[in-house]
Amino acid sequence: MIWRALLLLGAALAGAASSAFGAEIPSGERRSAYDLMSRETKAMQDDDTANPGTFWVLDGEALWSAKAGTADKACADCHGDARASMKGVAARYPAFDPAHRRPLDLEQRINVCRTEQQKAPALAHESKQLLALTAYVARQSRGIPISIAADRMVEFLDAGRSLFYRRQGQLNLACSQCHDDNWGKSLAGNAIPQGHPTGYPLYRLEWQTLGSLQRRLRNCMIGMRAEPYAYGAPENVALELYLMWRARGLAMETPAVRP
Amino acid sequence: MNQYGTTRRDVLKAAGILAAGAGTATIRAVPADATPAAMQAAIRRVIGEASVKPGKVSLEIPPLVENGNTVPCAVTVESPMTAKDYVKAVHIFNEKNPQPNVISMHLGPRAGRANVSTRIRLSDTQTVVAIAELSDGSFWSASTNVIITLGACLED
Amino acid sequence: MARALINVPAKAKRGEVVAIKTLISHVMESGFRYSNTGQLIPRNIITWFQCTYNGEEIFSAELHAAMAANPFITFHTVATESGKLEFTWTGDNGFSATESATITVE
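Residue numbers (the numbering used here), protein chains in the order written: chain R, 1 to 259; chain C, 1001 to 1156; chain B, 2001 to 2106.
Here chain R stands alone, though its shape is the one from the complex (with noise of 0.2 angstroms):
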């Protein structure tokens, strides 16, 4: 099923006519940013009590119990114990949503659970609850290698992959320039990442605070000064469905701890 899809993605490149599609990163060169990290942030990542994304874990766990919406449903009471049922859920988001006919990131499944099941309003994008209830279930995939299913979701991979290769905004500037070709060398005095989106949501020393892979992603393009994508947009979802299935193998570290 994997390599139908594969060679249908195979295909489906070759007959783009995008420019700059550069090499991907070698399987044996994948490298999380965690690497790049000085000791002490991989020491704040690496110990739960050192590491504030625990907070929104912490909430999150909260949260998966408590009874919400005119359903009065908690989380917990269809899908039971988290660290069971979500155990390598995250590890394959975005999925395809059959109901939808499109992918779902994991903020968009849990929200819509929240609207569908639990009958309560979505959660805002980069809400306290959001961040908390997308981090806990996370968090149960954390150590389990990344493995998207591409079946179903061709197009939707092959429009992330245009994405990061296509030049945009007033440099010009695609995001495999970085990633593909230059990661590892410094940028204004931080290292390059390869951009695997691994441990999210994260607590960015930035922001000083838990953001999601979407926050990120917006982030990137500003700082390119490129116009970002709203929230929610579906090409924020393809670009974060093709940097999960380019992050294959990798392990998830959520709530991960990055500069």
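Check before you lean on any hint, since a few could be wrong.
Selected chain R positions facing chain B (Cβ under 8 angstroms, derived; list incomplete) [to be verified]: (1) T49; (2) A50; (3) T54; (4) F55; (5) Q208.
A few chain R positions that, by computed beta-carbon distances, are all more than 10 angstroms from chain B [said to hold, decoys possible]: (6) D35; (7) L36; (8) P52; (9) T70; (10) D81; (11) C113; (12) Q117; (13) A150; (14) D181; (15) Y229; (16) R248.
Don't read these hints as lab results, they were simulated from the structure.
Please read these numbers as outputs of a predicted model, since none were measured by experiment.
For each residue, glycine too, the CB sits at the ideal point set by N, CA and C.
The hints should help you fit chains C and B onto chain R, whose structure is shown.
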């Protein structure tokens, strides 16, 4: 957009700077009294007129930090930490933040070891000073120069 | 909502020096940042932290705006007897938080 609804980009937009496509202008207004002299004054306010000698104190800060918002900082003071000979306090100061004080920590013989660590904020490349006050009334110091760079791809 | 995390060994030998790590959730708004309408965001920080060991203070600190968000402070103490470690943080706008941990000393 951070949790306070602010982005430097919004401010720059409002000021018309972003529209003109100008470079990364900072809107952080640092008060005029953020100087090495202010740090010396702050040190005097905390420890009085006693003289401070360099030595006994080791201040560990990475020379090039990843982000000025969270700078790991560890202080160790040589001391037997007995009831008669111990570290009473460790004070940390900086010279270029809007304010010179960072933290004052009170220890005592019960500490067993004069080793403390924390995470601080540094707004710019500058000198950080750690001063230890011993039970015999003497003061000892160490200082480190820390390089702070602004990240390449900022949110605002 | 989770506020403080304490890391202290559950057990220690009498006389052993143990490390205590503390982390508290707090924005530590410095009071030097501006909103997008040019208003100064008021300072909102933790200003004081104390740890007691069976009621006696073993560590305290005055914190200033230059402390990073989600203050992380580590220190040491001699494990003298079994008992309770109590941690208190206070700050601007009436902020107050407490946490405790027990230690068994053999």
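Hint check:
Residue-level restraint check for T49(R) holds (minimum Cβ-Cβ distance to chain B is 4 angstroms; threshold 8 angstroms). Residue-level restraint check for A50(R) holds (minimum Cβ-Cβ distance to chain B is 6 angstroms; threshold 8 angstroms). The criterion of a C-beta within 8 angstroms of any C-beta in chain B is met by T54(R), whose closest approach is roughly 6 angstroms, and the hint holds. With 8 angstroms as the threshold, the beta carbon of F55(R) comes within range of chain B, its nearest partner Cβ sitting at about 5 angstroms, so the hint holds.
Interface restraint check for Q208(R): the shortest CB-CB distance to chain B comes to about 4 angstroms, inside 8 angstroms, so the restraint holds. No Cβ of chain B comes within 10 angstroms of the Cβ of D35(R); the nearest lies about 23 angstroms off, and the non-interface call holds. Distance check for L36(R) against chain B: the nearest CB is about 21 angstroms away, which clears 10 angstroms, and the non-interface claim stands. With a minimum CB-CB distance of about 4 angstroms to chain B, P52(R) fails to clear the 10 angstroms threshold, and the non-interface call is violated.
Chain B leaves T70(R) outside its interface by the beta-carbon criterion, the shortest separation being 24 angstroms against a cut-off of 10 angstroms. The Cβ of D81(R) lies farther than 10 angstroms from every Cβ of chain B, with a closest approach of about 19 angstroms, so its non-interface assignment holds. Chain B leaves C113(R) outside its interface by the beta-carbon criterion, the shortest separation being 21 angstroms against a cut-off of 10 angstroms. The Cβ of Q117(R) lies farther than 10 angstroms from every Cβ of chain B, with a closest approach of about 24 angstroms, so its non-interface assignment holds.
Once the 10 angstroms rule is applied to beta carbons, A150(R) is consistent with being away from chain B; the minimum gap is 37 angstroms. Non-interface status of D181(R) relative to chain B is upheld: no Cβ of that chain comes within 10 angstroms, the nearest being about 34 angstroms off. With a least CB separation of 21 angstroms from chain B, Y229(R) remains clear of the 10 angstroms interface cut-off, as annotated. Non-interface status of R248(R) relative to chain B is upheld: no Cβ of that chain comes within 10 angstroms, the nearest being about 32 angstroms off.
In the structure shown, a violation is registered for the earlier hint numbered 8 alone.
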